[in-house]
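As given, the protein sequences belong to chains Z and D, one line each in that order.
Residue numbering for the first sequence follows this note's numbering, beginning at 1 and increasing consecutively.
Residue numbering for the second sequence follows this note's numbering, beginning at 1 and increasing consecutively.
Keep in mind the hints are simulated off the structure, nothing from the lab.
Since this is a predicted model, take the numbers as computed values, not measurements.
Yeah, the Cβ is synthetic: ideal placement off N, Cα and C, and Gly gets one too.
Hints are not guaranteed to be accurate.
Unchecked claim - Simulated crosslink set (BS3-like; lysine-lysine; CA at most 30 Å straight-line):
# : chain 1 : residue 1 : chain 2 : residue 2
1 : Z       : Lys168    : D       : Lys48
2 : Z       : Lys70     : Z       : Lys30
3 : D       : Lys48     : Z       : Lys81
Unchecked claim - Computed spacing ranges between beta-carbons, pair by pair:
# : chain 1 : residue 1 : chain 2 : residue 2 : range
4 : D       : Gly66     : Z       : Ala73     : 51 to 61 Å
5 : Z       : Ile122    : D       : Glu107    : 35 to 45 Å
6 : D       : Ile54     : Z       : Asp28     : 41 to 51 Å
7 : Z       : Arg115    : D       : Ser46     : 19 to 29 Å
Letter by letter, the chains look like this.
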Amino acid sequence: MSTPASTTSEIESEEKSVANISLESITDGKNSRGIPTTKFLDDIETFANSFSPPASPELLIGAYSDLYSKFKAYEQQLSQKSATFREKLPEIEKSIALVRHLKKKKEEGSSVVTRYNLADTIYAKAEVDCSQGIVNLWLGANVMLEYTYDEALSLLTSKENLAKKEFKEVTEDLTFTRNQIITSEVNISRIYNWDVRRKRANLATRSN
Amino acid sequence: MPEGNGMILAKEEENDAEVRREDQDKINEFGRLNARLYEVREEISSLKKLLEKIDDASTELMMGNGDRVMLRLGEAMFEATEDEATEFCEAEVERHQETVDKLSEEESEILERQAELKKILYGRFGKSINLEEK
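Given the sequences, and given the hints that come with them, work out the whole structure.
What follows is the structure in structure tokens.
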């Protein structure tokens, strides 16, 4: 590994120089949204020896632990994003239901008597004349726009679809990241076990 | 997992089966299904609570005296006749019940697949792997 893009650990010991484990050597490329894929180690011995000088188990475990913590942090972010979407979607659906209700009332030709939130604990009575066919939608950033019922419905449904699409993406990323976390954990265990067995074998051959 | 639950096996209990890529994939699938299982269970429980609330509301409606009732859509309340409100409640109940049924189905599918994976992985790794809930 001649030119690592980012080194995860560099330990200088007195007798020998140690391998630089780059992020690329322990990952297998990235998924479509730039999350690195953990490399699955078919054979740990060959993998350790593929570095020059051969990487020590501590180094490998260190590198994978770092990767593991990065993934964990990213998973947290994604879970939060996913929770926000879970909240936003029902809100949009409620707005759509409201506009549909008003539209229905307009077609029936009746007006609607409603109680709306005047202040935190006070509701005020209002009579809404549906024949106008106008709603005002809050677009955020202190902006409110006037729409006809149909325009409002199409805007809200397109918002809903966009939110659903992004929610799906976040869920996919979350699944992918969890897979990488599990793979990294298993890799760490296997490197550790491999090292234990190796040391045991060395002891056995030495005592013979 | 090294620090995990401190399960150090006796030498005889150690399982030397190497973890192959397909095993890794199965382990990943199990973890993925587990996460999804928790999500599904949470959704089912919150929907069930919602259904209970709507049920209570419908009961109140039935006991009502034929007056106009307030129906809450979003943040504002609209005056509606008892019939309209009952209709609305029934439609909501149907909608949510459908979702609950679908989710319950998904839950049992997940459990089935997890049982299959457990059998395969325990068969392969014996005590070296732990697939139980905490």
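Going through the hints against the structure:
Between Z:Lys168 and D:Lys48 the CA atoms are separated by roughly 24 Å; this keeps the pair inside 30 Å, and the hint holds. As the CA atoms of Z:Lys70 and Z:Lys30 are separated by approximately 14 Å, the hinted pair is consistent with the 30 Å bound. Only pairs whose Cα atoms come within 30 Å are accepted, and D:Lys48 paired with Z:Lys81 is accepted, the gap being roughly 25 Å. Here the CB-CB span from D:Gly66 to Z:Ala73 is close to 59 Å, well matched to the stated 51 to 61 Å.
A hinted range of 35 to 45 Å for the beta carbons of Z:Ile122 and D:Glu107 is consistent with their spacing of about 43 Å. Separated by about 49 Å at the C-beta atoms, D:Ile54 and Z:Asp28 satisfy the suggested range of 41 to 51 Å. Against the hinted window of 19 to 29 Å, the Cβ-Cβ separation of Z:Arg115 and D:Ser46 comes to about 27 Å, which satisfies the hint.
In this structure, none of the earlier numbered hints is contradicted; all agree with it.
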